[in-house]
Amino acid sequence: AQSVTQLDSHVSVSEGTPVLLRCNYSSSYSPSLFWYVQHPNKGLQLLLKYTSAATLVKGINGFEAEFKKSETSFHLTKPSAHMSDAAEYFCVVSLISSGSARQLTFGSGTQLTVLP
Amino acid sequence: DAGVIQSPRHEVTEMGQEVTLRCKPISGHDYLFWYRQTMMRGLELLIYFNNNVPIDDSGMPEDRFSAKMPNASFSTLKIQPSEPRDSAVYFCASSFGALRNTEAFFGQGTRLTVV
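Chain order of the listed sequences is A and B.
Sequence positions in the first sequence follow our numbering and run 46 to 161.
Sequence positions in the second sequence follow our numbering and run 376 to 490.
Don't take every hint at face value.
[As the list claims (entries may be wrong)] Heads up, simulated EDC-like pairs for lysine to aspartate or glutamate below, C-alpha to C-alpha not over 20 Å straight-line:
id	chain 1	residue 1	chain 2	residue 2
1	A	Lys87	B	Glu419
2	B	Lys399	B	Glu389
3	A	Lys87	B	Asp438
[Claimed, not checked] Just a few of them, taken from the derived set where beta-carbon distance is under 10 Å, the chain B residues facing chain A:
id	residue
4	Phe408
5	Glu478
6	Ala479
Derived by calculation from the structure, the hints in this document are not laboratory data.
In this text, a Cβ means the ideal position worked out from N, Cα and C, and glycines have one as well.
Generate the whole structure from the sequences, applying the supplied hints.
In structure tokens form, the structure reads like this:
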């Protein structure tokens with residue numbers, strides 16, 4: 046079985062300071078990992094994805110994440126938060142499964158607040 | 376491409392009524408997924424299709440829910456009869472390939488309120 050745990054339900058940072066959103070996963074196979082962002086009353090937008098290439102993945106809007114197999118982690122970071130980053134962030138794992146499509150398993154989400 | 380298109384964006388209905396949610400995936404995508412998002416349970420996969428064929432509907436909560444994909448460009452999720460606990464945001468997503476090296480693209484969602 047696969048699962049993903051977002052360690053913080055809420056994170057609050059000041060504008061201009063670094064952002065760290067934590068994610069741990071469990072899987073029996075090589076995962077693909079994604080971070081999606083959801084702004085209020087909007088759909089889900091892909092920030093970045095890891096698919097077994099480079100372990101440090103750069104995404105849109107200055108976000109990046111590092112895949113650490115030994116720690117089963119895929120934390121999302123950004124050097125300097127912007128007010129427009131305030132949203133809910135979802136860590137998502139997708140596994141190779143025999144015979145059928147990979148399925149996405151979503152974490153419970155982290156609500157990021159950016160303070161002026 | 377306009378992305379995944381869902382309609383309606385908002386739906387308010389009375390308990391017991393039939394509700395139909397619609398989705399147009401991105402052209403050329405061969406997988407289509409229906410998700411439900413609630414505060415209590417987060418994002419849950421309800422059902423997904425591959426080349427218009429339902430592959431896994433184990434996430435469909437009960438027989439009141441049904442989904443169809445009559446062709447590659449259209450899918451529906453129907454709830455009959457609807458109940459207040461069905462109130463949620465329903466997302467449709469599509470992808471090209473089985474999500475190994477590709478991502479799912481999500482629609483804007485349909486916010487369903489059953490009163």
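Hint check results:
Between A:Lys87 and B:Glu419 the CA atoms are separated by roughly 17 Å; this keeps the pair inside 20 Å, and the hint holds. Our distance criterion of 20 Å between C-alpha atoms is broken by B:Lys399 and B:Glu389, whose separation comes to about 26 Å. Taking the CA atoms of A:Lys87 and B:Asp438, the gap is about 29 Å. The hint is violated against a cut of 20 Å. With a least beta-carbon distance of about 7 Å to chain A, the hint placing B:Phe408 at the interface is held under the 10 Å criterion.
Restraint check, B:Glu478 versus chain A: the minimum CB separation of about 5 Å is within 10 Å; hint holds. Taking 10 Å as the C-beta cut-off, the interface hint given for B:Ala479 holds, the closest approach to chain A being about 6 Å.
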